[in-house]
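2 protein chains.
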Amino acid sequence: MKTSASIALIASVLAFTTTASAQFAKPDDAIRYRKSALFVMQQNFGRVAAMASGKAPFDAKIVADSAAVADFTSKLPWAAFGEGTDKGDTRAKAEIWKESAKFKEYADKMQVEMSKLAVAAKTGNLDNIKAAVNATGGTCKTCHDAYRKD
Amino acid sequence: MKTSASIALIASVLAFTTTASAQFAKPDDAIRYRKSALFVMQQNFGRVAAMASGKAPFDAKIVADSAAVADFTSKLPWAAFGEGTDKGDTRAKAEIWKESAKFKEYADKMQVEMSKLAVAAKTGNLDNIKAAVNATGGTCKTCHDAYRKD
Numbered sequence: 001m002k003t004s005a006s007i008a009l010i011a012s013v014l015a016f017t018t019t020a021s022a023q024f025a026k027p028d029d030a031i032r033y034r035k036s037a038l039f040v041m042q043q044n045f046g047r048v049a050a051m052a053s054g055k056a057p058f059d060a061k062i063v064a065d066s067a068a069v070a071d072f073t074s075k076l077p078w079a080a081f082g083e084g085t086d087k088g089d090t091r092a093k094a095e096i097w098k099e100s101a102k103f104k105e106y107a108d109k110m111q112v113e114m115s116k117l118a119v120a121a122k123t124g125n126l127d128n129i130k131a132a133v134n135a136t137g138g139t140c141k142t143c144h145d146a147y148r149k150d
Numbered sequence: 001m002k003t004s005a006s007i008a009l010i011a012s013v014l015a016f017t018t019t020a021s022a023q024f025a026k027p028d029d030a031i032r033y034r035k036s037a038l039f040v041m042q043q044n045f046g047r048v049a050a051m052a053s054g055k056a057p058f059d060a061k062i063v064a065d066s067a068a069v070a071d072f073t074s075k076l077p078w079a080a081f082g083e084g085t086d087k088g089d090t091r092a093k094a095e096i097w098k099e100s101a102k103f104k105e106y107a108d109k110m111q112v113e114m115s116k117l118a119v120a121a122k123t124g125n126l127d128n129i130k131a132a133v134n135a136t137g138g139t140c141k142t143c144h145d146a147y148r149k150d
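For the protein sequence lines, the chains are A and B, in the order given. The numbering of the first sequence is my numbering, which starts it at 1 and goes up by one. The numbering of the second sequence is my numbering, which starts it at 1 and goes up by one.
Calculated directly from the structure, the hints in this document are not laboratory data. Hints are not guaranteed to be accurate.
It does not matter which identical chain is meant; a pair holds if it fits inside one copy or across any two.
[Unchecked claim] Heads up, simulated DSS-like pairs for lysine-lysine below, C-alpha to C-alpha not over 25 angstroms straight-line:
1. Lys-130 - Lys-149
2. Lys-35 - Lys-149
3. Lys-26 - Lys-104
4. Lys-130 - Lys-93
5. Lys-55 - Lys-93
6. Lys-26 - Lys-61
7. Lys-87 - Lys-35
8. Lys-55 - Lys-26
9. Lys-98 - Lys-35
10. Lys-102 - Lys-141
11. Lys-55 - Lys-122
Same shape as in the complex, but just chain A (with noise of 0.2 angstroms):
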């Protein structure tokens, strides 16, 4: 099975559904579960971005591989913010569940240009790592200056 296929697989029945949430035994697993996600995520990203904009010494393949990972962890959080999850530790707003669509749109957004900077690391071409990193970082911005607490 080719990776963007298993992705697109695992992320039709990791879908934002309200059945997703009864994949978890309580609400404090799914908030446990999507903020690791979004850690591991967020570390493999930043990373790509770090050796993209020269922080950190760029070497191509840890970029490629480190952006493979942050692709397929991007998939997984959003069927964690089922209903009954807004409370405990976690700085979700309650906006998300009042604007489920716009959310999942975002979410959405975020998946598709994570998907773009996978493909731009394996071909090591800077230019285009970077304006990939910048797109991506762009969605994740957008999302937490809307449904994330300070």
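Take the given structure of chain A and dock chain B to it, following the hints.
Then chain B, alone, in the frame of chain A:
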């Protein structure tokens, strides 16, 4: 790129090396990273185990997709056990850094069994999935018994 090849590639880069630990800005990030990856893995493995044992209704698609996520994430924690990450918010025993070859052997064994589980999960054969869940769970327990504080 095939998933298995992709995972192998990632695993080779994120291998258990001191170089890899330099990928984290600070030891606390590495600790949080490995705990996050292990939690995402455990939640997906636990879902498969629950369905395999009849504690949750069996859904072949969820089983296959969850096992694929568990397989992918099983490769990630080990780069985050670098030098200097033995102190902090962690239950990792100091023996991990004293017996690194044995710890790596346990970690490798788990990844092998988790990959077999992902293969079994794709087939949808319940007996095979059950056997693979047991084998994988055994490798988790062996490592936790030796290297995780109560």
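Taking the numbered hints from earlier one at a time, note which ones the structure violates and give those numbers from smallest to largest. 1, 4 and 5
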